Every structure is written in C-alpha cells, then in structure tokens.
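From first to last, the protein sequence lines are chains L and X.
Each residue of the first sequence is one higher than the one before, counting from 1 in the working numbering.
Each residue of the second sequence is one higher than the one before, counting from 1 in the working numbering.
Hints are computed from structural coordinates only; laboratory data are not their basis.
The structure displayed is predicted, hence computed values, not measured ones.
Among these hints, one or two may not hold up.
To be verified - One-sided and incomplete, this derived list gives chain L residues near chain X with beta-carbon spacing under 10 Å: (1) Ser-104; (2) Phe-106; (3) Lys-134; (4) Leu-166.
Unchecked claim - Label pairs and their calculated CB-CB ranges: (5) Ser-67/L / Leu-144/X: 51 to 61 Å; (6) Gly-121/L / Val-251/X: 50 to 60 Å; (7) Thr-91/X / Glu-125/L: 19 to 29 Å.
Note that beta-carbon positions come from the ideal geometry of N, C-alpha and C, so glycine has one too.
Listed below are the residues making up each chain.
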Amino acid sequence: MSAETATGNGVEKVVEVHKLLNKIGSFVLHRDLDFEVRAGEVMTLVGGSGSGKTQLVRVILGLKRPSAGFVRVFGVSWDDANYFRVRAARERMGMLFQNGALYSAFTVYQNVAFPLRERGGLDDEAIRAIVYAKLAQVELEPKHADLLPANLSGGMVKRVALARALALSPELLILDEPTAGLDPDRSDAFVRLIKRMRTEYRFAVLMVTHDLDTLQDLSDRISVLADQHIIASGSIDEVRKVPHRFIENFFGGERGRRAFTAA
Amino acid sequence: MSAAQAVLEIEEPSGAEPGATIRVSGDWTFGALAARRYQLARIAATLQPRPAQGLRWDLTGITALDDAGAVWLARALRAAEQIDVSPQYRTMLTQASEGLLVERPAQGVDPLAGVVRIGLVAIDFWLHVRDATALLGQLLLDFLRLVRRWREFPLLELSANVYRAGVSALPVTMLVGFLIGVVLTYLSALQLKRYGADLLVINIVGIGVVRELGPLLASIIAAGRSGSAMTAQLGVMRVTEEIEALSVMGVSVTARLVLPKVLGLAIALPMVSFCTDVAALAGGVLIAKLTLGITPAAFLEALPRAVEVVNFWIGIGKSVAFGIAVAFVACHYGLRVLPNTDSLAAGVTQSVVASITVVILLDSMFAILLRDVG
Numbered sequence: 001m002s003a004e005t006a007t008g009n010g011v012e013k014v015v016e017v018h019k020l021l022n023k024i025g026s027f028v029l030h031r032d033l034d035f036e037v038r039a040g041e042v043m044t045l046v047g048g049s050g051s052g053k054t055q056l057v058r059v060i061l062g063l064k065r066p067s068a069g070f071v072r073v074f075g076v077s078w079d080d081a082n083y084f085r086v087r088a089a090r091e092r093m094g095m096l097f098q099n100g101a102l103y104s105a106f107t108v109y110q111n112v113a114f115p116l117r118e119r120g121g122l123d124d125e126a127i128r129a130i131v132y133a134k135l136a137q138v139e140l141e142p143k144h145a146d147l148l149p150a151n152l153s154g155g156m157v158k159r160v161a162l163a164r165a166l167a168l169s170p171e172l173l174i175l176d177e178p179t180a181g182l183d184p185d186r187s188d189a190f191v192r193l194i195k196r197m198r199t200e201y202r203f204a205v206l207m208v209t210h211d212l213d214t215l216q217d218l219s220d221r222i223s224v225l226a227d228q229h230i231i232a233s234g235s236i237d238e239v240r241k242v243p244h245r246f247i248e249n250f251f252g253g254e255r256g257r258r259a260f261t262a263a
Numbered sequence: 001m002s003a004a005q006a007v008l009e010i011e012e013p014s015g016a017e018p019g020a021t022i023r024v025s026g027d028w029t030f031g032a033l034a035a036r037r038y039q040l041a042r043i044a045a046t047l048q049p050r051p052a053q054g055l056r057w058d059l060t061g062i063t064a065l066d067d068a069g070a071v072w073l074a075r076a077l078r079a080a081e082q083i084d085v086s087p088q089y090r091t092m093l094t095q096a097s098e099g100l101l102v103e104r105p106a107q108g109v110d111p112l113a114g115v116v117r118i119g120l121v122a123i124d125f126w127l128h129v130r131d132a133t134a135l136l137g138q139l140l141l142d143f144l145r146l147v148r149r150w151r152e153f154p155l156l157e158l159s160a161n162v163y164r165a166g167v168s169a170l171p172v173t174m175l176v177g178f179l180i181g182v183v184l185t186y187l188s189a190l191q192l193k194r195y196g197a198d199l200l201v202i203n204i205v206g207i208g209v210v211r212e213l214g215p216l217l218a219s220i221i222a223a224g225r226s227g228s229a230m231t232a233q234l235g236v237m238r239v240t241e242e243i244e245a246l247s248v249m250g251v252s253v254t255a256r257l258v259l260p261k262v263l264g265l266a267i268a269l270p271m272v273s274f275c276t277d278v279a280a281l282a283g284g285v286l287i288a289k290l291t292l293g294i295t296p297a298a299f300l301e302a303l304p305r306a307v308e309v310v311n312f313w314i315g316i317g318k319s320v321a322f323g324i325a326v327a328f329v330a331c332h333y334g335l336r337v338l339p340n341t342d343s344l345a346a347g348v349t350q351s352v353v354a355s356i357t358v359v360i361l362l363d364s365m366f367a368i369l370l371r372d373v374g
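Please build the complete structure, drawing on both the sequences and the hints.
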C-alpha cells in the first residue's frame, strides 16, 4: 500500500462527498449532504430505515448519478472522462454486498480469482497462490474452492464475497450490512477478521450497519444520516452528545443502552 | 515523496564461500512490480539456479507489501537459508507461501472420456423422461381434482395465459402467416401456370395452409415466444425461491402455475392458428389476383369446394395438441433450472429447441395417422 500523502489539512480523504443533491424521480433523497471517509479509518454510516443509506452508498460507488454536488473516491470523480483513471480508482476499492452478489455461474475459486484476472499482470500460479491465501484469511479451506455459490451457506457466501472484495488488496473496503443474517458467533468472528486484516493491510472501511455491537467494536468514527443530510459526524462519544431525535432514539433506546453500557 | 519501488540488491560476499545477502527494500506492491517488471525478471533469472546454501534474505527494508509482491517474494524465497522479515509482513508472506503449496488436482485426459460422455447423456435423458412423466401424471391428477372442485379452478391465471400466449401473439403470427401465404402462392402459381392448372393453386394453398402451415407456424412462433417466457418465468422463480414459498403455503405449483399455462396455450393456440390461416389465405388471395388473375370472389367461392372442412378441423385439433406439447415442455425445463445464470440460459435455449422438435414430431405422427382423411 502506498504511504499516506498529506492533503489540505493533513489527512488524505479516500471518499469525499460535498453538497450532494440526490433525487429519485422528483423525490429528494439527499440535500446539501457532506460526507467523508479518511484513509485508514473505519467509518460507519447509520441512519433510520428509508433515510437513504443504501442510495448514498450507490452514489459513492458510482452506480447512481447525483443531481448535483461532487463525489470523489481517491480524488477521482465518476464523471471523469479518462477511463483509465476511473478504472484505477475502482481497483483500489472492494465492495461487500449485503447478499454477497457472487457470480452464480462461477465456483468460489473463480469468483475470488475474477478481479485478479481482470486486472491482469499475474500468471496463473501467482493467481492461484493469492486466491488460496485469501480463502485461508477468511477461514475457508481449499476444498471449498470448487463449490458453486448455490451450494454455500449464508455465512460462507459472505466470507467468499469478502475474499473477493479484498482480492486486489484495496485501500477502501465498503461493507453493506456485513453481519446481517449471521449468528452472534459468526458476527464476532467477522469483526475479529476485519480487525486482523486491518493490522496487515491498513485499508479504510466504510460500513453501513444497524448492528450496534459491530458498530461499537469496529468504528473509529460514525456519521449519522437523517433529514436528508449528515446530522452528526465524529467518534461515538461525540455523536451521542448531539441533540437530535434520531440520535437519542438510536443510542438511548432499549438496545442502544444495553449495547453501549455493557462496554 | 514516493517510496522506492521493488528494490532488490544482491551482495556477494568477499572470499570463496558460497552464499550471498539479498537485501529487499521499497514498495513491493502490484504497481511497483509492474513498473520494474523487466529488471525483476532478469534478477529472478539470475537467482533461480542458485542453491539455497548460504543465501540470506534481508526483507526488513520493505515499506509496503501486498499479495502480488508477497507471492513474487515467496517464489524467490524457495531457495533461502535464512530470512529476516519484519513481523507485520510475516503473516502475509507465510500465507502466500502456503497458497503456492496448495495442490490442484492434475487434469489428465481420460481415455474413456467419450464413453463416459455417452453414459452421462443417456442418464440425463432418462432423468428427463422420468421427470417429464412425473409432471404429466401430476398435471392429470390436478386436472381431475379441479374438475371435481371446479370452484378452485385458477380462472384468473388461465385467462392471463390465454391473453399472453394468444391475443398478444396475433400481430406477429398473422404477419408471418400473411408473408408465408404470399410466398407459397407465388411459387405454386409459377409452376401451375406452366401446366395450365391455374385453379389448382386454390387447392394447394388452401389445404397446405389450413391443414399444415397454419398450425405449424403458429406453434413454432408460440414455442419461441410463449415457451421461452414460461421457461424463464419458472426458472427465475426457482432462483428467487418463490416456488418454495408457494409450496410452503400449501399451494400446488403444478395446479396453479403449470396447469393454467398448459390449458391456456391449448385454448389459445387453435384460435391463433385460425387467425394465421386467415392471414395466409389473404396473402394467397392477393397473389392469386396479381399473378394468375383469379379474383378474390372466385377464390373464396372455390375454396370450400377445393378444401374439405375436415382439413380445418384436423388443423385445429393439431393446434390443441401442439399447444399442450409446447407449454408442457416449457414448464418441464423451467422447473429443472438450477439457481445460477448459466443454467437459466441453457434451460431456455433447450426448452425452445425441444418444443419445436416435439411439435414437428407430433406433426409427422399426425400426418401418418391421418393420411387417408381429407
């Protein structure tokens, strides 16, 4: 991974969203939205159901065009006319979709090998070694490599999807509800896995989750999405102090108090 | 500002002892490897023949490492007596080395591969026959059950299928019918003119269209349109687990999904066939007028005399059989689709090919059975 370069106030921003106006048809989802993810940090995005978290992530991923405002990932805008700049930015990020989004016609091995093959520049033996190393990192064995996604359990699908997202050693990992549908043991294991991989690879993480335990365990900073923009951004303690109905319900409600006082 | 890229220096010792110290430093990432591709290839070539004895690798100068760099180094490190590496990169290198050691089963050429293939095809065919028979049996049971309790009959699904397979198919089938009628009449007219048997064109076109071409064209187009749609719909429902959801609620998949499709096409196809006949005959009338000078009135007056009504009923009867066949084959393939994209694509393709083949086979069978009629 390249050394961190200083920009502006001394911190490199891997994701920068400024004054975003995002609409679906004529319905306004996000207005005047500012959001950023700094290099090497774990940023968790929280918000109520229907607040548009997934849509914001889609804009950051370049899957949806905003009506106004700018979105830059690694300093590159998705509107950039230079195909290679955009492609280079895409190779520096990995996405873990909520339901895995594995290629159903490819085996586990082929799914993880796919980004490596697309990037090119590696021979078959190297690709093989990297795929098996990645599978070992997500606690899967070589014998699982020839299975099709339809024959995998939910937890295994998520692990293969994570291995695929990390195949190119990205500097930004985006997780959409990573612990949804996982049993408590597997959720803990997932959090431990991400923590361990961050000590080796030092990527930034943008996580969207409702799971208060995961949030508390992993996050460096949180951003709260409500009222069509980010109402608070900072460490958990800083955000809790912000007076807003959603924050009070989120952190102060039954589950919130249980999760945050147990710490 | 940027760190050195993939630096590898070999320090040969003074004196006659074997061995050397290899210092690795800088960024060992995919980008760095790509930038120094040729130099590194040359270095790797010089390192390869060296024995491991006395080779000491000093990896402490590495500033950045990713999987691609780790694999390159792991391959080179296969010949090493001593390796010094900082702890933060140790795991990555170990995993890369272990990754290199995983054995892929060798894919040799099996001399009996041809025989195995034939066997697999035969087994596959047998499974098809078995599942198709089971589906047919289940449909009959469902039909008998619904005949006794006709209030439960899926009328809405049936009417939706009649509309989709029948009414919306009309524009395309009538257009195709008209054009085939035109072509057939034109070619026959050319030949018959030579023998002065102009009026026979009404016989040829009339019987050909009403008995064979109308039903056949309508069924083949229906196989392409409705057959592929039915297979795709059932196939996707398997992928999204909708079929399981229906079964769990106690709804019979064959009674509510398959039967309305089969009956719907059995009802719709004769009607489409009839419209195709009309369109084809219209084409015939037009060409008869233009090339042979037979007026439409004369054509239509001679038609019932030239073509016995029983031919029409044979055509309609065949359409019913074709409709059942096309829908049945389409549903059979749809229910066999596995939850992946390849299987869906293959299933739809095979369904259309199989239904057209079955239609042609049935047509030949009817032709032989009914050769003395009409």
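We went through each hint and held it up to the structure:
no.: 1; hint: Ser-104; in the structure: holds (4 Å)
no.: 2; hint: Phe-106; in the structure: holds (9 Å)
no.: 3; hint: Lys-134; in the structure: holds (7 Å)
no.: 4; hint: Leu-166; in the structure: holds (9 Å)
no.: 5; hint: Ser-67/L / Leu-144/X: 51 to 61 Å; in the structure: holds (59 Å)
no.: 6; hint: Gly-121/L / Val-251/X: 50 to 60 Å; in the structure: holds (53 Å)
no.: 7; hint: Thr-91/X / Glu-125/L: 19 to 29 Å; in the structure: holds (21 Å)
Taken one by one, the earlier hints all hold for this structure without exception.
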